[in-house]
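Can you make the complete structure from the sequences, with help from the hints?
With the numbering used here applied, the sequence shown corresponds to residues 2 to 289, in that order.
Think about it this way: if two alpha-carbon atoms lie no more than 30 Å apart in a straight line, the pair counts; the simulated DSS-like pairs of lysine-lysine are:
#, residue 1, residue 2
1, Lys185, Lys150
2, Lys150, Lys114
3, Lys271, Lys150
4, Lys78, Lys114
5, Lys114, Lys281
6, Lys185, Lys271
7, Lys78, Lys281
8, Lys244, Lys271
9, Lys46, Lys284
10, Lys150, Lys78
11, Lys185, Lys114
In case anyone wonders, no lab produced these hints; they're calculated from the structure.
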Amino acid sequence: MGIERYLADRKGKQFCELPKETTTNNKSRKNRRRTRKSSPLPVQKLYETCNEVFASGGIGIVPPFEDIERVRDVLDKMEPVDVGLSPEMPYFRTTAGRRTPPITYLHLYESNKFSMGIFCLPPSGVIPLHNHPGMTVFSKLLFGTMHIKAYDWVDGGAVNGTSTRANVSRGRAPSRSIRLAKVKVDADFTAPCDSSILYPADGGNMHCFTAVTACAVLDVLGPPYSDRDGRHCSYYLDHPFTKFSVEEGVSVPEADRERYAWLEEREQPKDLAAVGAVYKGPKIVENR
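The following block contains the structure:
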């Protein structure tokens with residue numbers, strides 16, 4: 002989400018090359034290099050796969066199905082130990098006296114093509130409802146239980162081919178733009194589970210994470226957020242469909258109304274407590 006860019010900028014790029022070999026045995030060094038090349042660590046393999054998959058990507062460009070599956074396959078096999086995490090670490094403890102538990106972001110890598118990072122949430126930690134404009138996003142729950150609620154905009158901003166602008170004849174008038182969206186996901190997920198994928202216009206592009214237990218989620222964004230390139234992170238309030246009336250001609254069957262909501266754009270929530278921390282897991286070696 003948008004906070005990872007801010008926190009990464011504050012903390013800097015927290016990755017470096019693997020330590021150099023200190024042995025003077027040439028044969029031993031060659032064997033080690035050969036082993037590393039044929040069997041990269043999982044986080045290194047993820048980086049290398051993403052570097053290939055997103056090489057020619059850009060805003061709104063979805064990688065081919067076979068490339069999507071390549072990234073998913075690597076992520077599905079990853080475990081907390083592969084990024085140096087465990088539920089006992091301080092990131093996942095509830096802080097006494099705080100109404101909103103702080104979320105910790107561990108920056109792994111970022112280029113103009115993709116980014117990798119981990120959100121560490123203590124119990125009841127919340128990443129509020131936000132979007133991913135023009136992005137393909139992979140999320141891997143490394144451990145714990147998380148509730149995910151996700152929405153997609155109704156195609157073309159319409160239901161049954163009719164405009165979905167809200168008529169605020171009842172309920173308070175929204176202070177910002179408001180659009181109709183459909184619920185894509187509203188469920189608890191417990192690790193180990195398959196990685197989730199969202200697309201620019203499908204899969205739950207706007208989502209909210211709520212930690213049921215302490216949990217960690219590894220995110221891959223392609224391309225990453227960029228204010229300069231128009232990929233801003235927007236936050237939303239979700240209102241029940243019945244809160245506002247709609248313009249004449251819009252019809253959603255009463256039985257389906259719980260599957261729709263009005264999303265109202267808002268400022269970044271003031272109670273969003275997020276901090277950046279140094280990633281201390283296995284390091285990523287950039288391709289030179």
